[in-house]
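J.: Sequence:
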Amino acid sequence: MATIRRHPRSVLGFWGSSVSQRSFVPSWTAHSNGLSPLNLRFQSSSSENSFSHPDEPNQHTTRHRRRSKSQPESRRLPLGVDSLGKPGEIVVVPPKRTRTSNRKPRETKDTTGEDARTVTLGSMLEDLEEEAAIPTPSLIRERIESYRSSWGPMGKLADSDWEAVRSSLASSFTYTQLSEYIEAYVPHESQPEGSTGRWRPGTSAFVHANSVGQTGVANRVPTSQDLKGKPLLAERILRDCWQLSIADEIGQLDLRLPPAFIALLLNAEHFSFDEVAGLHQSSIDITSSLGLVRITGRQGACESIREIILDATARIREDAVDIRAPTPTPDSVPERILYLAENKHGADNARRTLNLALHGSTPASVPFSTYFPASEPANVYKYNPGANVSWPDQQKEWFRWAMPSTQAVEMKSNPTPFFDGHQTRLSDHLLSLLRKAPAPNSGLKGGLTVHESVTAAVGCCLFARKSSLEDAPISASQLGKSFLQRTFATEIPQITRFLGSLQPITPEDETQVHHIRLTPSFAYSGVVPKLDVKIASRSRDSTRSSENPFDVRSIKLVLESNAVDYLLPENGLDLRFTRTAYCELSEAAIAESPAYQGLAESIRSSLRDAFDSRRTSSDSISLPAFCQISLPADLLQSAAHSDSATSLTAEYILPPLNDIRDAALQQFNFAGRRLNYSFYESGPFLAARTTDVSLDMKISSTATSVNDDGSQISAESDFHSFYNAACRVAFQIHNLRHTDAEDGLFDTDGLY
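Take the sequence shown: its letters are residues 14 to 765, numbered as in this note's numbering.
To be clear, the hints were calculated from the coordinates, so they are not data collected in a lab.
C-beta atoms are modelled at their ideal positions from N, C-alpha and C, and glycine is treated no differently.
Among the clues, some could well be false.
To be verified - If you anchor each label on the Cβ, the simulated ranges turn out as follows:
#, residue 1, residue 2, range
1, L279, E664, 23 to 31 Å
2, E196, D172, 22 to 30 Å
3, H442, S618, 13 to 21 Å
4, T462, S643, 40 to 48 Å
5, A602, I299, 22 to 30 Å
6, P380, L351, 25 to 33 Å
7, A171, L292, 21 to 29 Å
8, Q491, L351, 48 to 56 Å
9, A260, L351, 14 to 22 Å
10, R349, S631, 35 to 43 Å
11, L678, R349, 24 to 32 Å
12, A684, Q491, 18 to 26 Å
13, E139, S185, 23 to 31 Å
14, Q491, D672, 37 to 45 Å
To be verified - Simulated crosslink set (DSBU-like; lysine-lysine; CA at most 30 Å straight-line):
#, residue 1, residue 2
15, K357, K543
16, K169, K241
17, K711, K543
18, K409, K479
19, K409, K547
20, K494, K409
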């Protein structure tokens, strides 16, 4: 590559004077061999000497000098090379003019005023020493404090202002200076957080055992922002030292409540954490074991939710359960009950459930019997009673002992060879099993007579399943030796078709009979008897509606009861026979005794609101959970209480019926006997649905009794007839699965 050196003009002029003497053809031309760095320009001139002497002035030189005064221009310089017989030139381009920034002139201080100081060498050295001196901690602290002069404690900054202040702190001070400021900072005395909590910026998945001042808010926030080094220290100064925060940022508020309060609010009917959080566009996380309610959201929303929760806790009431039982109670029985003031009814229901559970904690032993031969096996079929048994029984697995024919649906009739050939007087054994214990004396001072009755209810007798028990056929004797727990489910299919084939019994006085059992609360167990109350109510359409809406027809004081399950393996249903010993206060006996009138009046006053609402409303009317009943001293079972006063006001439990109409008792004529039917919904401890289909009879206290036609009949013969009628009901209901309604009911003439 050819290198062209710039020469003085005199030299170039000398080269120009010798051009005519040295003529040659150049060995290369412009752009030859791809070389383009040289910008060659060829000009033709009439004069052989195209370059004038530098000392000779010409028009080009004058123009060039005039332009150079204002701005540099390009120049042409001759080359000592001829091309095509012409001298060559090179164009020299001036360098690009650089731009200068328009800087404002530096202001000079007026040194003519009063504050003017004579600038000497000493003063200049003092200024340099001051700048080079290490600042003291107090000076650094003062300079850092100057950044928060615009905001006081608990101030809120916009997001942009926050970033600006944090960046200024990080860039203006060293890491050591910021760290020392944080260590030496004395925080302002703040109000203790307490159990109500204080809103803190940022979110954390952990529960801080220490207070806010010890843990630091900045430990929660920078995690999501990935702050490190000096920006992290600046964040701590803003949040922990100066207690500043960003407007509308997300934070958390931890509210401490007793675990019992949290459990109550979680299950409350008139309070919902989810609804409160949704209305405030926040979230609530609950840890019941720690008693922690964590609210996440903006500060205003979190504090508003806190006030709502605290207002709800202020409405919490506490009552003693008051279990004063004569027998020791389990350690797991609660002593107090919590409820919201507006949910007093729910608290009473919970206390009623607790009392019913305590009554059922020691279930009575119920033996079973059957007509089936003791060695004859029957199959085991898994049975799911669903909600037709109590809540504890719903948690277990059950099976029913039955023959395969009971599971067949396509059969037109159900064969019963073992029942048709069983012993004629098997009912005598069943009656002796029921009356194994002699009838008790009343134990009452009123001289009331003790009566006995037997009720036969239709249902399914179920055995609890064990892992050790195989599903192979098993005999009745093997069942008895296994000592399996049993329950009785009242799930009766086709009951509507069965009742439709019977003649209903309608009261002549346009009343509806209700049967309500009053059970003493556990505190009065063994002190006062259970009460079976028969009430006759009138509808609002009755012609005698101007009279009392209901009357107490009779009151039975239940002294004791026992039951026997009677298995019918050739049938889809079984029977439960229940014997009851009681004393009865008839309507006439109540009218004759002022003490008994007080008892009846206390029952009426407890039920009046429910029966009045039944006449005026079609909605479901539930019974109250408890009532106070005043009993005369001669009706008490405990002598310790009967000797102390003339009467005792005891607390009784009413059945947990969803509607008082479910207590209505319907009666039908079945083979000359009164068949009782009722269906009611209950819960939560008792069965959710109960279908009661039963026959009942009174057992004479003497060896013989008198029939309606005047003939004498023994108690065994009377019970045998009752036993046959009860078995007939169970078989007829089951056979409706195999026959249509128009085919008639299955023939029972062969039954004993």
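J.: The structure should be examined with respect to each hint, and the outcome stated for every one.
T.: Status of each hint after checking the structure:
1. L279 and E664 have their C-beta atoms about 29 Å apart, which keeps the hinted 23 to 31 Å range intact.
2. Checked against the hint of 22 to 30 Å, the pair E196 and D172 passes, with Cβ atoms roughly 28 Å apart.
3. The hinted range of 13 to 21 Å is not satisfied by H442 and S618, whose Cβ atoms lie roughly 47 Å apart.
4. In this structure, T462 and S643 break the distance hint of 40 to 48 Å, their C-beta atoms being roughly 23 Å apart.
5. A C-beta distance of roughly 58 Å is found between A602 and I299, which places it outside the suggested range of 22 to 30 Å.
6. In this structure the supplied range 25 to 33 Å is violated for P380 paired with L351, their Cβ-Cβ distance being about 42 Å.
7. Checked against the hint of 21 to 29 Å, the C-beta distance between A171 and L292 comes to roughly 27 Å, which is consistent with it.
8. For Q491 and L351, the hinted distance range of 48 to 56 Å is satisfied, since their beta carbons lie about 49 Å from each other.
9. Separation of A260 from L351 is about 40 Å and departs from the stated range, judged on CB atoms against 14 to 22 Å.
10. For R349 and S631, the hinted distance range of 35 to 43 Å is satisfied, since their beta carbons lie about 38 Å from each other.
11. Between L678 and R349, the C-beta spacing of about 38 Å breaks the proposed range 24 to 32 Å.
12. Range check, A684 to Q491: about 35 Å between beta-carbon atoms, so the 18 to 26 Å window is missed.
13. For the pair E139 and S185, the supplied restraint of 23 to 31 Å holds, since their beta-carbon distance comes to about 25 Å.
14. Taken as a hint, the range 37 to 45 Å holds for the pair Q491 and D672, whose Cβ atoms sit roughly 44 Å apart.
15. For the proposed pair K357 and K543, the alpha carbon gap of about 25 Å is at most 30 Å, so the pair holds.
16. At roughly 23 Å between alpha-carbon atoms, K169 and K241 fall within 30 Å of each other, so this suggested pair holds.
17. For the suggested pair K711 and K543, the alpha carbons sit about 19 Å apart, so the restraint of at most 30 Å is met.
18. For the suggested pair K409 and K479, the alpha carbons sit about 10 Å apart, so the restraint of at most 30 Å is met.
19. Of the pairs offered as hints, the one joining K409 and K547 is violated, with about 35 Å between alpha carbons and a cut-off of 30 Å exceeded.
20. Proximity of K494 to K409 is assessed by CA-CA distance (about 20 Å); at most 30 Å being required, the pair is judged to hold.
In the structure shown, a violation is registered for the earlier hints numbered 3, 4, 5, 6, 9, 11, 12, 19, in ascending order.
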